[in-house]
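Enquirer: Below, each chain spelled out in residue letters.
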Amino acid sequence: MFWTRFNPFSNRVWNDLQQLQGEMFRWFDRPHWGVAAFPAVNVWEDGDTLHVEAELPGLQLDNLEIFVTGNNQLTIKGERKQQTPEKAFEHRLERHYGSFVRTLTLPFPVDDRNVDARLENGVLRIELPKHEAARPRRIPVKA
Amino acid sequence: MAENSLAVAQRTDTTNVETTRNGKYFTPRVDIFETDTELLLLADLPGVAPGDIDLRYENGELVVQGKVQPHERKGHLILGEYEEGDFYRVFQIHESIDSARIEAECKNGVLTVHLPKAEAAKPKQVTVKAK
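So the protein lines, in turn, are chains A and B. Quick note on this note's numbering: the first sequence kicks off at 1 and runs consecutively. Quick note on this note's numbering: the second sequence kicks off at 1001 and runs consecutively.
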């Protein structure tokens, strides 16, 4: 009640602070907080192309499967095998091993026949062009 | 209990980010194995080309440094789950290492370093004679 009658911050600063608080709560409410999905991805949208990047050190192309289903579901699947020498004492084991699968829903349908994927120095880069049907079409306006 | 909390402290250390004048440095994740003849170090350095790795061994310290070449990106980011940056980590090595025979290779973003033990540090079998 006090707030509604007297609010010294009823201005932009207050709104900004509330927005910041909201952002912070959202950050802690993320479903993957603590148990991050693997691999972590970065996605860029550049006009009619989507760029997806993921860090997958130690993977070779034949340990990796990438497929697009239903035009807008991108799946990255793979396995990293352990390279432990025989009869060795393990001082540190920080790297992750095993199989993983991750599916991303893309913001628009993509042309699954023209997807380009490269794996270079342990970084996967996928380029997905927008599907013809999803591209904006310019409609000429007649005078 | 104490051991548990120690393990957690080490884990958070591996994702350490340090900001320096030259940008961000990440601590790479590593596996270290020891066999009778060598120490084997595997480090994840995604995005680092073999030519951009600076590996040094001096005074019992192994310094691993990797530079990520900036990659031009157009458009706008719609999902950002990780940051890119150079890698840096220092290891203290107590075993005596034959530094002249250290070998390293980098393949698919994984650096492999073989640190052969010096002859004096290798275990020797002592035969016990029966009298």
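By construction, these hints were calculated from the structure, which means they are not laboratory data. Among these hints, one or two may not hold up.
Cross-link-like lysine to aspartate or glutamate pairs, in silico, DMTMM-like; alpha carbons within 20 Å at most [what the hints assert, rightly or not]:
{"id": "1", "chain 1": "B", "residue 1": "Lys1122", "chain 2": "A", "residue 2": "Glu86"}
{"id": "2", "chain 1": "B", "residue 1": "Lys1024", "chain 2": "B", "residue 2": "Asp1086"}
{"id": "3", "chain 1": "A", "residue 1": "Lys87", "chain 2": "B", "residue 2": "Asp1086"}
{"id": "4", "chain 1": "B", "residue 1": "Lys1107", "chain 2": "A", "residue 2": "Asp112"}
Predicted model, so just to flag it, every value in this text is computed and none were measured.
Enquirer: Of the hints stated earlier, which fail here?
Expert: 3, 4
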